[in-house]
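Colleague: Required output: the full structure, derived from the provided sequences and hints.
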Amino acid sequence: MTTAAPALRPRPKKASIRTRVWLDIALFVGYVLLSAPQSTGIAFHEYFTVVFIPIFISHIVLDWAWVKRVFRKSDNKRSGEVRFNRAFDIVLFVGMVVVIYSGFLVSESILPDFGIDPGATTFWSNVHDASGNLLILLVGIHIAMHMPWIKRNLGRIRPNRSAI
Amino acid sequence: MNAWLGRNASPIAIVLLASAVVIGAWEVLDAFATSEPLGTPEGDAPLNPGGLIKVTLFLLVPSLITLAIRRRQRSH
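For the record, the sequence lines run as chains D and U. Each residue of the first sequence is one higher than the one before, counting from 1 in the working numbering. Each residue of the second sequence is one higher than the one before, counting from 1 in the working numbering.
If you're looking for bench data, these hints aren't it; they were derived computationally from the structure. Quick caveat: nothing in here was measured; it's all calculated off a predicted structure. Cβ coordinates follow ideal geometry from the N, Cα and C atoms, glycine included. Incorrect hints may have been included.
[What the hints assert, rightly or not] Which residues of chain U face chain D? A partial, calculated answer using Cβ under 10 Å: (1) N8; (2) P11; (3) A18; (4) I23; (5) V28; (6) P37; (7) G39; (8) L59; (9) P62; (10) I69; (11) R70.
[As the list claims (entries may be wrong)] Partial list, computed: chain U residues near chain D (C-beta under 10 Å): (12) V55; (13) L60; (14) S63.
Modeller: Laid out in C-alpha cells, this is it:
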C-alpha cells in the first residue's frame with residue numbers, strides 16, 4: 001500500500017530588503033506629513049490617512065517573520081534589547097491604532113465629505129491630540145532602536161546592490 | 001496584489017483583529033468618560049510651517065537621546 005506524501009504548505013515569500021526599505025521610507029515620510037496638520041491642512045491630513053493605513057499594515061506584515069520570532073512563547077532567552085523592542089512595539093501599535101481611530105471620530109473633512117457626521121466629542125479630540133503627540137516621541141525612539149538595521153540596509157535601495 | 005494578500009492573509013487578519021481589540025477597549029473607556037460635543041473646527045486655521053518643525057523636533061530629540069543611551073551601553 002502506498003501512502004501519499006503530505007502536501008507541503010507553500011512558505012510565504014519573504015519580501016526583499018529593498019521593498020521593505022522603500023516601504024519604510026514611504027511610511028516615515030507619510031508619517032511626518034500626517035503629523036503636521038497645521039502645515040499640510042486638515043483635508044490632506046485626513047485623506048492621506050487612508051493611504052497611510054495600508055502602508056502601516058504592510059510595515060508589520062512584511063516583517064511578520066521577525067514578529068513571530070520575537071513573540072514566540074517558548075523563547076525566553078531573548079536579549080534585553082529584543083524584549084524592550086517587543087514591549088515597545090506593542091505600545092506603538094496600540095498608539096497608532098488609537099490615533100487613527102480617534103482621528104476618524106473627530107473628522108472634519110473626510111467623513112463630512114461623504115455625508116457622515118462623526119459626532120465629534122471632547123473625549124476623542126483629547127485622545128487624538130494626546131496620542132498623536134506622544135506617538136511622535138515613540139516613533140523617534142522606535143527609529144533609533146532600529147538604527148542598526150536602517151544603517152545596514154539603507155544603501156540597498158539602489159537596484160544595483162544585491163539584497164540579503 | 002491579490003497573491004500578496006492571499007499569502008499574507010493570516011498576518012493581516014491578526015493585525016486587524018488586534019486593532020479591533022484596541023478600538024473596543026477605547027470604546028469602553030469612552031462609555032465611562034464624561035464628554036461633550038466638540039466646538040469650533042480647527043480646519044479653518046491658516047497653514048504654517050510650525051507643525052513640521054514640531055514633528056521634526058519631537059522625532060529628533062527622543063531619537064538622539066535613545067542613540068546616545070545605546071552608544072553608552074555598548075561602550076560599557
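Colleague: It remains to establish, for every hint, whether it holds in the given structure.
Modeller: Hint-by-hint comparison with the structure:
A distance limit of 10 Å between C-beta atoms decides the matter here; for N8 (chain U) the minimum to chain D is near 5 Å, and the interface restraint holds. Contact between P11 (chain U) and chain D, as hinted, is supported at the beta carbon level, the nearest pair being about 4 Å apart and thus within 10 Å. Among the interface hints, the one on A18 (chain U) holds; its C-beta lies about 7 Å from the nearest C-beta in chain D, closer than the 10 Å criterion. Of the supplied interface hints, the one on I23 (chain U) holds, with its beta-carbon coming within about 5 Å of a beta-carbon of chain D, less than 10 Å.
Nearest Cβ of chain D to the Cβ of V28 (chain U): about 12 Å, over the 10 Å cut. The hint is violated. The beta carbon of P37 (chain U) is positioned within 10 Å of a beta carbon in chain D (closest approach about 6 Å), and the interface hint is therefore held. A least Cβ separation of about 8 Å between G39 (chain U) and chain D falls short of the 10 Å threshold, and the interface hint therefore holds. Satisfaction of the interface hint for L59 (chain U) is found here, the shortest Cβ-Cβ separation to chain D being roughly 4 Å, below the 10 Å cut-off.
Interface restraint check: P62 (chain U) against chain D, minimum CB-CB distance 4 Å, threshold 10 Å, status holds. Evaluation of the I69 (chain U) hint against chain D yields a held restraint, the C-beta minimum of about 9 Å falling below 10 Å. With its C-beta approaching chain D no nearer than about 7 Å, R70 (chain U) sits inside the 10 Å limit, and its interface hint holds. The beta carbon of V55 (chain U) comes within 4 Å of a beta carbon in chain D, closer than 10 Å, and the hint placing it at the interface holds.
The restraint placing L60 (chain U) at the interface with chain D holds, with a minimum CB-CB distance near 7 Å, inside the 10 Å limit. Contact between S63 (chain U) and chain D, as hinted, is supported at the beta carbon level, the nearest pair being about 4 Å apart and thus within 10 Å.
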